[in-house]
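Peer 1: Note that the protein sequences, when read in sequence, are chains E and R.
Here the first sequence stands for residues -16 to 254, where the numbers follow the numbering used here.
Here the second sequence stands for residues 8 to 315, where the numbers follow the numbering used here.
These are calculated hints, taken from the structure and not from any lab test.
Treat the hints with caution; some may be incorrect.
Said to hold, decoys possible - As a list, the in silico EDC-like pairs of lysine to aspartate or glutamate whose alpha-carbon atoms are at most 16 Å apart: (1) E/110 x E/197; (2) R/90 x R/276; (3) E/110 x R/67; (4) R/280 x R/61; (5) E/110 x R/61; (6) E/81 x R/26.
To be verified - Listing some non-contacts, in silico: residues in chain E with all C-beta distances to chain R over 12 Å: (7) 30; (8) 31; (9) 32; (10) 39; (11) 51; (12) 55; (13) 59; (14) 145; (15) 163; (16) 167; (17) 171; (18) 174; (19) 197.
Ideal placement from N, C-alpha and C gives every residue a C-beta, glycine not left out.
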Amino acid sequence: MSLRRWSVTLLAALVALLTIAPLLWMLSVSFMARGEASQFPPPLLPNDPSLDNYRMLFGTFGIGRFLLNSLLISTLATGLALLFTIPAGYAFAKLRFKGRDATFRLLVAALVVPGQIGMLPLFLELKAMGLVNSYAGALVPWLAGIFGIFLVRQYCLSIPDEMLEAARIDGASEGQILRRIVLPILTPIIVTLALFVFLGSWNDFMWPLIILADQDLYTLPVALAAMSRQHVQDNELMMAGAVVTTLPVLILFLALQRFYLSGLLTGSVKG
Amino acid sequence: MSAQRRTSESAIAAGRASEARAGWAMSSPALAAIILFFVLPAIASLALSFTDFDIYALADIGNLRFVGFENYERLLGNPLFWKAVTNTLLFVGFGVPFIVALSLFAAMLVNSRWLKWRPVWRVALFAPYVTTLVATAVVWRYLLHTRYGLVNYLLSPFGIAPIDWLGDPHASLPAILIFVGWKTFGYNMIIFLAALQTVPRELDEAARIDGAGWFTRLRHVTLPAIAPTVLLVSVLTVAGMFQLFAEPYVMTQGGPAQSTVTILYFMYEEGFKWWNLGSGAAVAFLLFLCILAVTLVQLRLARRSGAI
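Same shape as in the complex, but just chain R (with noise of 0.2 Å):
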């Protein structure tokens, strides 16, 4: 008796070891392939921040020297990278309330209970999110176009004379936000949706018996109620607008008048266009802490708020 408990024991903490050796002989590939990839080069990022890493170190290694703060100073002391960053907080500060009034309004379009054919409408607002970026940029270059352009087009029936959209320094960040914003509203509508759907339809139904108008219930039912996933759509949409890169690069490469530079193009032109590698370092490390800073100054907002 006691012999065939301690065997029924030995062959479970057998299957527990071969269990915890199958754990990890799965996970550590995934593993693996994440700490060189992805976790190495992002401290490294830190490091070679503090290095005067360029073309000449890229050829020799022998030219690397350790620098301190110096392309910290420099980079404050540089203005197009002041552009770049008040261009990016502007693309923050326009694009996200903008593109998160846009998905809302979407969602509830489609979440409506008197539309028809739902599925349909769901996927042709999505359809925009999954297209090639670079593709859609060179469309919207096009679509944008001062002379030829549909959305001066269209405009020019309300006594909107042409826009020189990506060529007036003025016009081109507003350019780029409605591309970015008919890009990305449809995922953002689909975790909205999610949302809706779990408010109660009884709840509108009795503001609205009580005589309460569209806005009002949308101020004092809908958004209270999913407030968490407003947060959340902030949240992503920061990130998304902090990543701006390829929009400028296809659209207007920066111009006019740098007045689309943004934080990665400027990364990326330092260290891919000037291979200044040290120095594009300590922007990525800024950039990252821009990221990190917005994103707990909204959890703290939210906290406050008690919306999570």
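Chain E extracted, bound-state conformation (with noise of 0.2 Å):
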């Protein structure tokens, strides 16, 4: 038995290690010097560790400006999100009102279409509002989170009906149910959309590629597909640029994962 036990736990060691060996090897790439990393065989750690790739990243390349937009459109659209879905996803479940289900029933349907079905329509439609090559472009498609609104909505279920009606005779308006008595008991979810959603837009790459002409305005997905086109033999600098995209959300995930995970089962499977 012991030995059963083992030998499962090695394997799935193996197959871990396996499944996470390329991200180390890009962060012990991203250390070596230039061209250290074009040699057969491959060496796997840098043979004398440097911080290079990072100061010619955000000195000469100006990474700096991309990990800023890509913090500040993330962090908007995280905020949006959550101030556009949360009463949505709370209203579908708990207040009464004409056409509820069947405008549910209707936002269910669509979570079929993919959102690149309209992208060319929306892209026009932008353009007419005057917002092409500008950060409220990027966010536009994180206001219409139907996925959001389903989480939420599910979450929302579990809250017992007596307890809202209590605070209904107490004499407390709808604003103040949600706000004092739902959001409290809501945080584990609103947590795990904020999550969704920053990590989301963070690693979003064809609307902002679509949507953001302007360099200046490039996010960091953007600005390394760019610059992996015009550098490609710059093994070291170019995993250097993909440790800084990709870090960030990560350790985001890493501290965070708990409420990643069992929102991504409400979301697929409970669905």
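Fit chain to chain and form the complex, with the hints in mind.
Peer 2: What follows is the structure, encoded as structure tokens:
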């Protein structure tokens, strides 16, 4: 039995190592000197670790600007998504109003339509609104998060009606009930949703690529893709760029993984 | 008495009215955003696909003409469009079984009752899913390098000659699939794990005592029990395969010999490189029909076989 225990664990460790090896190697190569990684066999660890690639990225390539753009867009996207989604999700779960269930069924049906279908008209729409090539244009898709509404609604369904009824009898307005009673209960799902939107908008590529033409507005993925087309040979530099792009979200996920994984199951399995 | 009841009834009615008002007030901002930025563009896509919207119309809307099905006709006669469709279908055909099998294997491994430190392995296997696609595509482009890449280095002890993963039209599609599989299996694994935990251990144990081997138990105990989840994961993976864009954009730019041009990549080039927005919208609409058709077929197959 013990042998079995160890062999299964060993296999899992091996698979896990193989899975995170690309990420570890990305980190290792980012500390190598120029050209050091272009050898055969590929070196696993830097001979003389240095921060030169990072210095070059932040100095010559001004990656700090893209990092700030990404931070700004993702933070705003998260805030706006929460602002739009939480009241709607709560309303669909707990407030009785005419047309509620029919509207919600339509929303669920709309979940199967991928967002890319309307990308070209959305681009034209935002062009008419003067939002092309602006942060606002990059934020727009995150306002319309059907999945977020769905997630919040699922969670709200477990709030007992008696609790809300009691607050109404005590004379609380619907807005006060949402702020004082519902929001504190929703904290875990709010963290989950915020994490989803932040990671989603941080990692998003196609929409910012389309809507942001000005290089000063580029997010990290768009800037990295442009850089990787120009600097195909500079592997060490590109690995450092990949680290700067992906490390923030990876750390965020590791810190809050409990919220992320539980939300993922609410969204896909129970739905 | 009756007056009192009337006031309480009217109080309840007033409460109901204010509840309904609040319901609309709280949901309408989100609904407005969804209509404005999601529903309207999706519908407009269909309308746009019947026009010749191009760079001239972009400059002056007066140049816009209604062209009926001309965009569709032209697309059906365009070899690159068919190449994109074929490539995407190849991604679906090979990618879905590969990724579903990989995810299920990972889930069964992590679900094994003999496994120690389960949460550690679960997080490690899930990590690639949350990384930035563009960044890891850059990393994998390097890992798959013909001469210096770690992948070819790891294959060399098995006597496999260096493969030009991203330069050979026959290897480029598997190369991107390996990357996509690595990136996404963790997500499916979590879904499979939740399903596997509902399969009673006793069932598996009884089959083992009866002398059923690992594969027999997988086929006759585990798979039937989690069939709806297999379907769910396949549907999600099909949708994911139809939406491949950043992977070819970063790793191969659609090459070599257009072997990795996907439908979405084709749509992007048509719309935002050549500014043929009418034709691009037609591609988008056809893509939507494809996704819908494949999903419906999968649901029907599942219903016939009694999985759901």
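Peer 1: Determine for every hint whether it applies to the structure shown.
Peer 2: Hint check:
Between residue 110 of chain E and residue 197 of chain E, the direct Cα distance comes to roughly 14 Å. Compliance with the 16 Å bound is thereby established for this hinted pair. Among the hinted pairs, residue 90 of chain R with residue 276 of chain R is consistent with the structure: their alpha-carbon atoms are about 14 Å apart, no more than 16 Å. Using a Cα cut-off of 16 Å, the hinted pair residue 110 of chain E and residue 67 of chain R holds, with the two alpha carbons roughly 13 Å apart. Taking the CA atoms of residue 280 of chain R and residue 61 of chain R, the gap is near 11 Å; set against the 16 Å cutoff, the hint holds.
Taken as a hint, the residue 110 of chain E and residue 61 of chain R pair is honoured in the structure, with Cα atoms around 14 Å apart against an allowance of 16 Å. Pair hint residue 81 of chain E plus residue 26 of chain R holds up; C-alpha atoms about 11 Å apart against a cutoff of 16 Å. Separation of residue 30 of chain E from chain R is adequate, the least Cβ-Cβ distance of about 15 Å exceeding the 12 Å criterion. Distance to chain R confirms residue 31 of chain E as a non-interface residue, since its nearest Cβ pair spans about 19 Å, more than 12 Å.
Every beta carbon of chain R lies more than 12 Å from that of residue 32 of chain E, the smallest distance being close to 18 Å; the non-interface claim holds. Even its closest Cβ contact with chain R, about 16 Å, leaves residue 39 of chain E beyond 12 Å, as expected for a residue assigned away from the interface. Distance to chain R confirms residue 51 of chain E as a non-interface residue, since its nearest Cβ pair spans about 16 Å, more than 12 Å. Interface exclusion of residue 55 of chain E from chain R stands, the closest Cβ pair being 16 Å apart, more than 12 Å.
Every Cβ of chain R is farther than 12 Å from the Cβ of residue 59 of chain E; the closest lies at roughly 14 Å, confirming the non-interface assignment. Against chain R, the non-interface label of residue 145 of chain E holds: every CB pair exceeds 12 Å, the least being about 15 Å. With a closest Cβ-Cβ approach of about 14 Å to chain R, residue 163 of chain E is found to remain outside the 12 Å limit, as its non-interface label requires. Even its closest Cβ contact with chain R, about 17 Å, leaves residue 167 of chain E beyond 12 Å, as expected for a residue assigned away from the interface.
The claim that residue 171 of chain E lies off the interface holds: its Cβ sits roughly 17 Å from the closest Cβ of chain R, which is beyond the 12 Å cut-off. The claim that residue 174 of chain E lies off the interface holds: its Cβ sits roughly 15 Å from the closest Cβ of chain R, which is beyond the 12 Å cut-off. Its beta-carbon lying about 15 Å from the closest one in chain R, residue 197 of chain E satisfies the requirement of being farther than 12 Å from that chain.
Checked against the numbered hints above, the structure violates none of them.
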